[in-house]
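**Q** This is what each chain is made of:
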Amino acid sequence: MNAGKASRKSIKSYFDFWNVIKYVSLLLLIVFLVYPFFSIIFRSFSNNHNGFTLQYYKTFFTKAYYFRTLKNSLVTSSLSTVFAVLIGVPLAYITSRFHVYWKKGINMLIIMSLMSPPFIGAYSWIMMLGRNGVVTNLFAKLGITTPSIYGFGGIVLVFTLKFFPYVYLYVSGAMSSIDRSLEEAAENLGSSKLRRILTITMPVIMPTLAAGAIMVFMSSLADFGTPMLIGEGYKVLPVLVYEEYMSEMGGNANMAGALSVIIICCSTAVLLIQKYVVSRKSYIMTSMRPPIVEDVSKGKKFFLTAICMIVAFIAFLPQIVVVITSFIKTNGPIFVQGFSLESYEKIFYKLSKNIMNTFSFSLIAIVIIIIFGMLLSYLVVKKKSKISGILDLLLMFPYVIPGAVLGISMLVAFNKPPLMLSGTAAIMIIAYVVRKMPYTIRSSSALLYQIEPSIEEASINLGVSPMRTFFKITARMMAPGVLSGAILSWITTINELSSSVMLYSGKTATISVAIYTEVVRSSFGTAAALASILTVATILSLLLFSWVSKGKVSVV
Amino acid sequence: MSHSVKICNVIKKYDDFIAVNDISCDIQQGEFFTLLGPSGCGKTTLLRMIAGFNSIDGGKIYFDDKVINNIEAYKRDIGMVFQNYAIFPHMTVFDNVAYGLKARKVPKEQIEAKVLEALELVQIKNLKDRKPSELSGGQQQRVALARAIVIKPGVLLMDEPLSNLDAKLRVQMRTIIRKLQKELNITTIYVTHDQEEALAISDKIAIINSGRIMQIDSPTTIYKKPRNAFVAGFIGTSNFMEGSVEQLDADMTAHIRLKSGMEFAMKLKKKIQGPIKISVRPEQFIVNDPDGMGIPGEIQMYTFLGDFANYEVKLASGQVVEANEYTKDIDFIRNIGHKICLHFNPENISVFSEDGMEVFS
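Quick mapping for you: the protein sequence lines, in order, are chains A and D. Everything in the first sequence is counted per numbering that gives the first Met the number 0, starting at 0 for the first residue and increasing by one. Everything in the second sequence is counted per numbering that gives the first Met the number 0, starting at 0 for the first residue and increasing by one.
There's no promise every hint is true.
Computed cross-link-like contacts, DMTMM-like style, restricted to lysine to aspartate or glutamate with a CA-CA straight-line distance of at most 25 Å [what the hints assert, rightly or not]: (1) D/Lys74 x A/Asp15; (2) D/Lys74 x A/Glu451; (3) D/Lys12 x A/Glu451; (4) D/Lys127 x A/Glu451; (5) D/Lys5 x D/Asp202; (6) A/Lys382 x D/Asp15; (7) A/Lys385 x D/Asp15; (8) A/Lys471 x D/Glu108; (9) A/Lys382 x D/Asp14; (10) A/Lys383 x D/Asp14; (11) D/Lys101 x A/Glu451; (12) A/Lys381 x D/Glu71; (13) A/Lys381 x D/Glu159; (14) A/Lys381 x D/Asp15; (15) D/Lys130 x A/Glu451; (16) A/Lys471 x D/Asp76; (17) D/Lys124 x D/Glu182; (18) A/Lys21 x D/Glu71; (19) A/Lys471 x D/Asp94; (20) A/Lys385 x D/Asp56; (21) A/Lys471 x D/Asp128; (22) A/Lys381 x D/Asp56; (23) D/Lys101 x A/Asp15; (24) A/Lys382 x D/Asp56; (25) A/Lys385 x D/Glu71; (26) A/Lys383 x D/Glu71; (27) A/Lys385 x D/Asp14; (28) A/Lys471 x D/Glu71; (29) D/Lys12 x A/Asp15; (30) A/Lys471 x D/Glu133; (31) A/Lys383 x D/Asp15.
Per label pair, the in silico range of CB-to-CB distance [claimed, not checked]: (32) A/Ile309 x D/Asp165: 48 to 54 Å; (33) A/Ala184 x D/Ala199: 39 to 45 Å; (34) A/Glu186 x D/Asn163: 30 to 36 Å; (35) A/Arg475 x D/Arg211: 38 to 44 Å.
Honestly, the hints are just simulated from the structure, not real lab data. The beta carbon of each residue, even a glycine, is placed where N, CA and C say it ideally should be.
Model the full structure from these sequences, guided by the hints.
**A** Given below as structure tokens:
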């Protein structure tokens, strides 16, 4: 091979399609993810004269006002995780091993309650059990005082009901894919049914259960809307981050930065523990024969169905409450007798800008997410290299960064030239892309792993260049995975609160921001109408999802 | 007209591991050339280097007299049949076969005619509107074959195409492949680890082990005249026995004594003195009664296979060998524990150096 030819080829291959994508993606992730992240770390260690200080961390660990929030966060998240497991696992066992009525409907309700806007749970439970709640008032007439929904108990209640679907969906997936012969072998060796569940089934699904539990924990730890609305005096970390930053507007973000770093450390630690446990305790199973779904007597079937329905109904209840309240007549902050559309009239008159913002920002974000998600997952799965490994790692990051923290770090990073983005629509869209792209990447990657390399080679071999092969063959085959991932990204984007509430300005407020401000303003009717719009949009998107994925791709 | 392929001192390295180690061979235009070897020997790596999916770290590959090292895979004009068929799952059978023609900008009306002709050749014209998910393994295999030949490629590559089929279908398909290849006269390079398949289908076989070529020859020569002990052991069954050349006459007649005690004389092609080993195939043993000629032994195990019986024989030295006896030659069945003597005709055996690397007979 002569040297001139070789070097010409290497220059050409340096500029080939995938290399360009690779370096462009890396650059974008560095600018919009790594740089903000380091800015906030940097801030947390610097005093007002740009010198180094540990003062903020010292304050955090010595002042009870700050330190208590860490404890609160960990306690509420852990407790919610425990309850989520206690509800999710038995429910998953019932639906995956027994024939019950309306199994699809039950699943749909449970998925919908997971996909609901983040604070609707808190908001609805306040509507029912709050100081002026329907149930509270009902019991008060009977002379019974209901326990307070505000604070610790309310947070745990809402987190549990909202996030137990993670455990349910993960575990029922695992339960129905265990090879039947495992349990048959145990039975054959003389093991009773309960013993079989405890000694074979549970240990085998343990890694999956752990993954589901971690999702509950991380989501609870990162959630901002729920504790903000229902927590009142009981503060958790993300709420404190928000308050610290907002009260320091115009000043510096140092304390908020330190708090952010602490949250990220917690969630990273939890994620690493989970990775470690799963890597030591995961089983490779060849599931040839899925377990039998048992037929039971009519009475028992009715009983099991009732249990599932009750749980699913309670989880879904907040969304029903919201839609109903949106049609109730209001007089200022007070609901009065009778139904009307006046809440909707008000929002279309006053808040149509927010509705436009939500859908236009989300639409732009989702287009970017689909394009980059597709290319990035291809890079990570099929073009393994050091850089694609780094990309893969960076794309995991948004999982451990709560929205509020991402919001603050972007504000800190982009509030001065050359990238003066604060207050613009661009910064919101960028935050959405960074935060929600992992859904699309994950489901595209899952499908890509199943596409054998020889399929692409066959196309190349038949005379189609690698780049055209990607668009003619690979992209088509990835489409279902990309689409179902994109619908999830879409749903979570339109419902996004925690980063929006940090990044919005008067012109760029979205529906979720408006709900939040309306609730704070005690304008419950308009808040309910806005939330109903989101709920309906979410449900329609979910129906689209289940139609597109035809049950092949799961939500989690 | 398809190409001749010339492979010159080709090398492929993965870090410290040399997958293809200085391989050279000439493949004639229209030849059915098989790369045969145990798994991990480098045969698929070499095939993928020809296809352009693996880079070439050293040496050159020519199609006719053009070096193809730096031509990209999609410009090499090669038809390839993959081990898992690699049928595009979102396209019908017709569209799969038409895919390469469309890439070549063949006019539409010609595409239809050519695709139907190719499907006719592999006898699945009736399946043209099916989706791949509705096809059996054998049918998918035929689609893959039609897709590769319809473009009239310069070279046809096949990577273990039959390994996912059941035994009966495998034999059926290999006949179809062989006929088609001769009919279309396409230079074909075929990779397999199945020696029976290689012997049945090929004009020429290259036996590869640890990245090196062990022997390139016609199937009969490979079987009858192995160039080294690896080939003798890999193709068919061989019994290796140790011994030494006690004396070599001027006319190249060697007087050989085996460790098991037997002595015989045979003509060699190259000079050697001292320790050697010989290989004898099971069917080359002549099974005698215990008082007859040859090495005495006892039957440890026998397997009756219809046209012949296969014996495991324990020799006096303790070595266990395999010998076949044909049903038509005997009127009784020998059984476990029976004493026999094993003899052979020296003309039919191979003599190797002690390390097995060189052949002398």
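**Q** Could you run down the list of hints and mark each one as holding or not?
**A** Here is what the structure says about each hint:
A C-alpha spacing of about 16 Å is found between lysine 74 of chain D and aspartate 15 of chain A, which places the hinted pair at or below 25 Å, so the restraint holds. Pair hint lysine 74 of chain D plus glutamate 451 of chain A holds up; C-alpha atoms about 22 Å apart against a cutoff of 25 Å. Between lysine 12 of chain D and glutamate 451 of chain A the CA atoms are separated by roughly 24 Å; this keeps the pair inside 25 Å, and the hint holds. Of the pairs offered as hints, the one joining lysine 127 of chain D and glutamate 451 of chain A holds, with about 23 Å between alpha carbons and a cut-off of 25 Å not exceeded.
For a cut-off of 25 Å, the pair hint linking lysine 5 of chain D to aspartate 202 of chain D stands: about 16 Å separates their Cα positions. With a C-alpha separation of about 22 Å, the suggested pair lysine 382 of chain A and aspartate 15 of chain D falls inside the 25 Å cut-off, and the hint holds. Distance hint between lysine 385 of chain A and aspartate 15 of chain D is fulfilled; the C-alpha atoms sit about 19 Å from each other, no more than 25 Å. The straight-line distance between the Cα atoms of lysine 471 of chain A and glutamate 108 of chain D is roughly 22 Å, inside the 25 Å bound, and the hint therefore holds.
Straight-line distance between C-alpha atoms of lysine 382 of chain A and aspartate 14 of chain D comes to about 18 Å, which keeps the hinted pair within the 25 Å bound. A distance of roughly 16 Å separates the Cα atoms of lysine 383 of chain A and aspartate 14 of chain D; the hinted pair therefore holds under the 25 Å criterion. About 23 Å separates the Cα atoms of lysine 101 of chain D and glutamate 451 of chain A, which keeps this hinted pair within 25 Å; it holds. For the hint linking lysine 381 of chain A to glutamate 71 of chain D, the alpha-carbon distance of about 19 Å falls within 25 Å, and the restraint holds.
At roughly 23 Å between alpha-carbon atoms, lysine 381 of chain A and glutamate 159 of chain D fall within 25 Å of each other, so this suggested pair holds. Restraint check: the Cα-Cα separation between lysine 381 of chain A and aspartate 15 of chain D comes to about 24 Å, which is no more than 25 Å; the hinted pair holds. Under the criterion of a C-alpha separation no larger than 25 Å, the hint pairing lysine 130 of chain D with glutamate 451 of chain A is consistent with the structure, at around 18 Å. With a C-alpha separation of about 19 Å, the suggested pairing of lysine 471 of chain A with aspartate 76 of chain D holds against the 25 Å cut-off.
Distance hint between lysine 124 of chain D and glutamate 182 of chain D is fulfilled; the C-alpha atoms sit about 19 Å from each other, no more than 25 Å. Simply put, lysine 21 of chain A and glutamate 71 of chain D have alpha-carbon atoms about 21 Å apart, close enough for the 25 Å limit, and the pair holds. Taking the CA atoms of lysine 471 of chain A and aspartate 94 of chain D, the gap is about 12 Å. The hint holds against a cut of 25 Å. Restraint check: the Cα-Cα separation between lysine 385 of chain A and aspartate 56 of chain D comes to about 21 Å, which is no more than 25 Å; the hinted pair holds.
Only pairs whose Cα atoms come within 25 Å are accepted, and lysine 471 of chain A paired with aspartate 128 of chain D is accepted, the gap being roughly 20 Å. About 22 Å separates the Cα atoms of lysine 381 of chain A and aspartate 56 of chain D, which keeps this hinted pair within 25 Å; it holds. At most 25 Å may separate the alpha-carbon atoms for a hinted pair to count; lysine 101 of chain D and aspartate 15 of chain A meet this at roughly 24 Å. A threshold of 25 Å between alpha carbons decides the hint, and for lysine 382 of chain A with aspartate 56 of chain D the separation of about 20 Å falls inside it, so the pair holds.
Restraint check: the Cα-Cα separation between lysine 385 of chain A and glutamate 71 of chain D comes to about 24 Å, which is no more than 25 Å; the hinted pair holds. Between the alpha carbons of lysine 383 of chain A and glutamate 71 of chain D the distance comes to roughly 20 Å, so the proposed pair stays at or under 25 Å and holds. Distance hint between lysine 385 of chain A and aspartate 14 of chain D is fulfilled; the C-alpha atoms sit about 16 Å from each other, no more than 25 Å. With a C-alpha separation of about 18 Å, the suggested pair lysine 471 of chain A and glutamate 71 of chain D falls inside the 25 Å cut-off, and the hint holds.
With a C-alpha separation of about 24 Å, the suggested pairing of lysine 12 of chain D with aspartate 15 of chain A holds against the 25 Å cut-off. Of the supplied pair hints, the one linking lysine 471 of chain A and glutamate 133 of chain D holds, its CA atoms being roughly 22 Å apart against a limit of 25 Å. The suggested pairing of lysine 383 of chain A with aspartate 15 of chain D holds, with an alpha-carbon distance near 20 Å, which does not exceed 25 Å. For isoleucine 309 of chain A and aspartate 165 of chain D, the hinted distance range of 48 to 54 Å is satisfied, since their beta carbons lie about 52 Å from each other.
Separated by about 43 Å at the C-beta atoms, alanine 184 of chain A and alanine 199 of chain D satisfy the suggested range of 39 to 45 Å. Taken as a hint, the range 30 to 36 Å holds for the pair glutamate 186 of chain A and asparagine 163 of chain D, whose Cβ atoms sit roughly 35 Å apart. At roughly 42 Å, the beta carbons of arginine 475 of chain A and arginine 211 of chain D sit within the given window of 38 to 44 Å.
Violated hints are absent here; each numbered hint is respected by the structure.
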